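Trainee: Sequences are here, hints too, so could you generate the full structure?
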Amino acid sequence: MKHTEREMQSLREEVRQMWKQVLSQLEKAKQSFLNNDVELALEIISREKRVDAFELKIDSDCENYIALYSPVAVDLRLVLSLIKISSTLERIGDFAAGIARHVIDDGCNKAETVLIEELQIEKMFDTLTGMLSDGFVALESENTRISGKILAKDAEVDEIYNNAIDVLTNCLTANPASIRYGLKLLLVIRKLERIGDHCSNIIEEIVFYVDAKVLKHNGRKGDENRIVD
Amino acid sequence: MIEAKNIDFYYGSFHALKNISMTMEAHTVTAFIGPSGCGKSTFLRLFNRMNDLIDGIRLTGECLVQGANIYGKSVQVDELRKTVGMVFQKPNPFPKSIFENVAYGLRVNNLGDKKFIAQQVEESLIAAALWDEVKDKLKKSAFELSGGQQQRLCIARALAVSPAVLLMDEPASALDPISTSKIEELIHQLKKDYTIVIVTHNMQQAARVSDKTGFFMLGELVEFSETKKMFLNPEKKQTQNYITGRFG
Chain A
1172 MKHTEREMQS
1182 LREEVRQMWK
1192 QVLSQLEKAK
1202 QSFLNNDVEL
1212 ALEIISREKR
1222 VDAFELKIDS
1232 DCENYIALYS
1242 PVAVDLRLVL
1252 SLIKISSTLE
1262 RIGDFAAGIA
1272 RHVIDDGCNK
1282 AETVLIEELQ
1292 IEKMFDTLTG
1302 MLSDGFVALE
1312 SENTRISGKI
1322 LAKDAEVDEI
1332 YNNAIDVLTN
1342 CLTANPASIR
1352 YGLKLLLVIR
1362 KLERIGDHCS
1372 NIIEEIVFYV
1382 DAKVLKHNGR
1392 KGDENRIVD
Chain B
74 MIEAKNIDFY
84 YGSFHALKNI
94 SMTMEAHTVT
104 AFIGPSGCGK
114 STFLRLFNRM
124 NDLIDGIRLT
134 GECLVQGANI
144 YGKSVQVDEL
154 RKTVGMVFQK
164 PNPFPKSIFE
174 NVAYGLRVNN
184 LGDKKFIAQQ
194 VEESLIAAAL
204 WDEVKDKLKK
214 SAFELSGGQQ
224 QRLCIARALA
234 VSPAVLLMDE
244 PASALDPIST
254 SKIEELIHQL
264 KKDYTIVIVT
274 HNMQQAARVS
284 DKTGFFMLGE
294 LVEFSETKKM
304 FLNPEKKQTQ
314 NYITGRFG
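Listed in order, the protein sequences are those of chains A and B.
Letter by letter, the first sequence follows residues 1172 to 1400 in the numbering used here.
Letter by letter, the second sequence follows residues 74 to 321 in the numbering used here.
Among the clues, some could well be false.
Result set (DMTMM-like, lysine to aspartate or glutamate): computed pairs, CA atoms no more than 25 Å apart in a straight line [stated by the list, open to error]:
{"#": "1", "chain 1": "A", "residue 1": "K1255", "chain 2": "A", "residue 2": "D1329"}
{"#": "2", "chain 1": "B", "residue 1": "K302", "chain 2": "A", "residue 2": "D1382"}
{"#": "3", "chain 1": "B", "residue 1": "K310", "chain 2": "A", "residue 2": "E1313"}
{"#": "4", "chain 1": "B", "residue 1": "K310", "chain 2": "A", "residue 2": "D1382"}
The set of hints was computed from the structure by calculation and includes no laboratory data.
Just so we're clear, the structure is a prediction, and the values are computed from it rather than from any experiment.
Mentor: Now the structure itself:
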C-alpha cells in the first residue's frame, strides 16, 4: 500500500471510530431518556468531549491531507465528505448530550409512559440509530443503493415529529399544569428530528463521494440528482 | 481553432498515436497529461510539424490549424511556424542579446523595419511579463538571465512573430516554484490572445492553468473533458487511477 493510501486509511479509521462513538452516544441517550437514567445521562455528557476531540483531529488530518497530497477526483471527494461527515457527527453527538441534559434537568421524567408511547419517541430513536448504522455500512461498503431507503426514514422521523406536535397540543390543552414538561418533551423531539436531518446530510455526503452526485437542496425527490460537472 | 481528425502516427513499426480526434477551441488552454511515452508530446509536436525530420515516421489523418490541413502539399513549414509557436521544456535562448533573441524571428523572416522590430520586441517582452525585468539591459546576453527569465524570453521570442497558437512542452518543469508561478500566470494572461496547448507531467499545473484536459495512455486519448470535471469526476476508471496516483 502506498503511503498516501495509508494516510487515507488512517483518516477513514478515525471517522469510523467517531461514528461508533456517536452511535453509542445516541443509543445511550435513548436508554437514558426512556429509563430516566441520570447516571447514564452523566456518562453521555462526560463522553461528549471525546466526540469533539475526534472532530478536531479529523479536521486537522483532512487539512494536512489536502495540503500535502493534493487529492483529486474520488480522493478529493472522499476528503471533502469526511470533513463534513465528522462535523455532522459532532452535531449529532451534541444533540445526544442535549437529550441527556434534559434527563438530568428533570421535566422529561415526569412524562407519563402512555404519552411517551403516543409520541413514538422510542420509534424515533430506533429509526435514527438505524439511519446512522445504515449510513456507516454505506460508507464502509461504498454502496449507495440503500441511500433512498435511508432518506425515506428521515421522512418517517419528520412525520412522527409533526404528529407529536398534535399529540402534545391535545395533551397540554387538557392538562395546562403540564406545560413545562410538555415543552421540554417538545425540545427533545425537536432534537431527534434534527438528528434525522443530519443523518440525511451524511447520506448525501456519501453519495457525493461514491457517485459524484449532489443531492443537496433538491427536495430529495430522487430523480433530480445533479451530476457534478 | 486546432483540430485533429483520426490521427495515427508511427515511429517505424511503433504505433505511437492511435486514432486521435479532438478539437481545441480558440483562446483556450488545453493540457495534455499522461505517463511518459504515452504520446502526448508526439501529438503536440505534430501541430507545428516538429516530427517531420525524424526517420521512419508515418502519419495518417488530418491536423487542422485555423481550418487548414497543415500537412497539405502547399504548406510551407516555416510559414506554419509563424502561426504555431513552440516553447520547450528547457529554456533555449540563442547566444545573443536579450533584444536579438526576441527580434530573431522577425529578422529572419524580413518582417518589418527597425522601428517595427523594436516595437514588436517591447510588446512581446511585455506580453511575456519580462519587460520590467529586462528593459534596462536589452543588450546583455540572454544567458545572464535566470532560468525562469530565459523561459519567458523564449515565450517572448515565440510571440514576436504574432502566432495564433502556442505549443508548450513542459514549459515549467525545469523551473523553481516562483518562476513556475510566473509562467502559469502568463499562460492565463496569454489565452485571451492565443490558443495554447501545454504538455505537462504536473497534474496540479494542468488543473491550475487549463480549460480542458486530455489524458493520453499508450498512444490513445483515453479522456478529453473540461479540466474541472476531469479532476473532480473523471469519466474513465483509467483516468481516475492515473490522476489519483493509483496507476501501475
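Trainee: Does each hint fit the structure? Answer for all of them.
Mentor: Hint by hint, here is what the structure shows:
no.	hint	in the structure
1	A/K1255 <-> A/D1329	holds, 23 Å
2	B/K302 <-> A/D1382	holds, 13 Å
3	B/K310 <-> A/E1313	holds, 16 Å
4	B/K310 <-> A/D1382	holds, 13 Å
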